[in-house]
Amino acid sequence: MAEVYNWQLGRNMEYPYEERHSKRQFVAVFNTNRCIACQTCSMACKSTWTFSEGQEYMWWNNVESKPYGGYPANWDSKILSQLAEADPDGQKWEEDGTFNGKTIFEAAPKNERVLGYLPTNSEWRTPNLYEDTSTKYKSAGKIGLADGGAELPAHKAWFFYLQRICNHCSYPACVAACPRKAIYKRPEDGIVLIDQERCRGYRKCMEACPYKKPMYNAQSRVSEKCIGCYPRVEGSDPLTNGHPMETRCMAACVGQIRLQGLVDLNEDGSWKEDRQNPLYYMVKVAKVALPLYPQFGTEPNIYYIPPRWVPREYLTQMFGPGVEEAINSYRAPSRELLAVMQLFRRSQEIVFHYEIKEGKKAYETMVRGEKFTMYNDTVIAYRENGEEIFRTDVEEPVIARPAERSNAI
Amino acid sequence: MSNPDREFDADDPLALVPAVMDMPMDEASYRQMAETFVEEYMLLGFSDEKIIGLFHNPFYRATHEILKSKGESYVTELIKGVRNG
Chain C
1 MAEVYNWQLG
11 RNMEYPYEER
21 HSKRQFVAVF
31 NTNRCIACQT
41 CSMACKSTWT
51 FSEGQEYMWW
61 NNVESKPYGG
71 YPANWDSKIL
81 SQLAEADPDG
91 QKWEEDGTFN
101 GKTIFEAAPK
111 NERVLGYLPT
121 NSEWRTPNLY
131 EDTSTKYKSA
141 GKIGLADGGA
151 ELPAHKAWFF
161 YLQRICNHCS
171 YPACVAACPR
181 KAIYKRPEDG
191 IVLIDQERCR
201 GYRKCMEACP
211 YKKPMYNAQS
221 RVSEKCIGCY
231 PRVEGSDPLT
241 NGHPMETRCM
251 AACVGQIRLQ
261 GLVDLNEDGS
271 WKEDRQNPLY
281 YMVKVAKVAL
291 PLYPQFGTEP
301 NIYYIPPRWV
311 PREYLTQMFG
321 PGVEEAINSY
331 RAPSRELLAV
341 MQLFRRSQEI
351 VFHYEIKEGK
361 KAYETMVRGE
371 KFTMYNDTVI
381 AYRENGEEIF
391 RTDVEEPVIA
401 RPAERSNAI
Chain P
1 MSNPDREFDA
11 DDPLALVPAV
21 MDMPMDEASY
31 RQMAETFVEE
41 YMLLGFSDEK
51 IIGLFHNPFY
61 RATHEILKSK
71 GESYVTELIK
81 GVRNG
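Top line first, the protein sequences correspond to chains C and P.
For the first sequence, the working numbering assigns the number 1 to the initial residue and increments by one for each residue that follows.
For the second sequence, the working numbering assigns the number 1 to the initial residue and increments by one for each residue that follows.
Bound conformation, chain C alone (with noise of 0.2 Å):
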């Protein structure tokens, strides 16, 4: 195996192909704490890219509820206990951030490029599986509706959704298990594809991706995968008037809790500084986005917001090192923050820089014991060419129904 640098792990690591980059990376931050499990994102994807038979089973994007939620069922527990066995006690993180224990191309077995499994049909059969959505109503009114008022389940513990696509990682393990070099990251953008031509459905892609993400259709006999709906990336699409455009899933967030974009790389794989770039900003300054289970060794290229209100251990174990700065950055947000989160949804294209006008005080109260300001500053978003694409205020109306009409629709 070739020796490679991994930025998140803080160290070189195995890999099978020696260490090549795109000369942009596709990148997304997702904030879980916004998330309201619409499966809008799910919806969009789905009726754009698998409605064919033998795609019936495909979620190329999915929304599952933690901790129980999964899919396939139980991915995440599975890999992380292969992991622990094949490295007992070692799959810890020091100090300064750097992991010191086993990736899935370390840990794998011998004559193996990857640790991995194939999941079951039975894994595959409920994208749904405790997720929370009710199925009826116990006392149906003549429109089906519960007389009385809708009654949903009351949580008492905690529970977040986390949202999946495939994370086009930097080190795929996908490419690195295809026996057939099926698999190609594109120099252009860093969108992992898999060649239809090539591909002859072994499915050593699915074993080997930690996420999940390559499925296999039984139709055509061979794998498939999100394809990071690249015309849109590219502004080949004709919807695009020729300027790159984000993915479905992204685009038709109702949550608004999705950006993706564009990042720029150096020739070892660093991220050319760009401070301006809002993907940059969020991930690499004020560092409130995280990659998914870093210690996989992949460098996934989708980062979250964690949800604050979870247990940090678990959090911890899910995203890294990084929680408790990212947390802090999201609850006690910087003006520069609060505006660059304005930036979610409020387009379709690609925004490659921001620029951010001052406004007035909004308001001013004290949270933790700490002075927090509100200011209604101007968020400007720009095509690659410098172009306006939006402009928009960072204090948005707080609407409040009446009480007499809490609960009309």
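It should be emphasised that the hints constitute simulated quantities derived from the structure, not laboratory data.
One or more hints might be untrue.
[What the hints assert, rightly or not] Keeping only pairs whose Cα atoms sit at most 16 Å apart, straight-line, the calculated EDC-like set for lysine to aspartate or glutamate is: (1) C:K371 x P:E27; (2) C:K156 x P:E35; (3) C:K156 x P:E49; (4) C:K110 x C:E18; (5) C:K156 x P:D48.
[Said to hold, decoys possible] Looking from chain P toward chain C, a few residues come up when the C-beta cut is under 8 Å (computed): (6) E39; (7) N57; (8) Y74; (9) V75.
Note that beta-carbon positions come from the ideal geometry of N, C-alpha and C, so glycine has one too.
Assemble the complex: chain C is given as a structure, and chain P must be docked to it using the hints.
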């Protein structure tokens, strides 16, 4: 974990199966969750009185659930704690 009203059908690939997570929750995790609710409204500029109103309003299910299970004095102390740090 409680079972859904409808029996789970293993042959139905699109069955929606709800489950209430009614496991016991440790006090520290409960408090962390409750503090997050309060913090959220404080960042919106809500006064203490307005936030207490959300705990009394049954249509704000999460906050109301806390009031029902922990009582008014817990909520008052909770808000004070988050406000003053």
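> Given the proposed pairing of K156 of chain C with D48 of chain P, does the C-alpha separation stay at or below 16 Å?
Replying inline: violated (24 Å)
> Is the hint on E39 of chain P kept, meaning its closest Cβ partner in chain C is under 8 Å away?
Replying inline: Where the cut-off is 8 Å and the nearest Cβ of chain C is about 6 Å from E39 of chain P, the hint holds.
> Is the Cα-Cα distance between K156 of chain C and E35 of chain P 16 Å or less?
Replying inline: Holds. K156 of chain C to E35 of chain P sits at ~14 Å (cutoff 16 Å).
>> So if I understand the rule, the pair passes when the alpha-carbon distance is 16 Å or less; does K156 of chain C with E49 of chain P pass?
In response: Not satisfied, since the Cα-Cα distance of roughly 24 Å exceeds 16 Å.
> Once the shortest beta carbon distance from N57 of chain P to chain C is found, is it less than 8 Å?
Replying inline: With Cβ-Cβ at 7 Å, under 8 Å, it holds.
>> Need the status of pair K371 of chain C, E27 of chain P: alpha-carbon distance at most 16 Å?
In response: The hint is violated at about 28 Å.
> Under the criterion that the straight-line Cα-Cα distance not exceed 16 Å, is the pair K110 of chain C, E18 of chain C satisfied?
Replying inline: Distance ~20 Å between K110 of chain C and E18 of chain C Cα, so the pair is violated.
> When the nearest CB of chain C is found for Y74 of chain P, is that gap smaller than 8 Å?
Replying inline: Check failed: Cβ of Y74 of chain P comes no nearer than 14 Å to chain C, outside 8 Å.
> Taking the closest Cβ pair, is V75 of chain P under 8 Å from chain C?
Replying inline: violated (16 Å)
Of the numbered hints given earlier, the model fails hints 1, 3, 4, 5, 8 and 9; all others are met.
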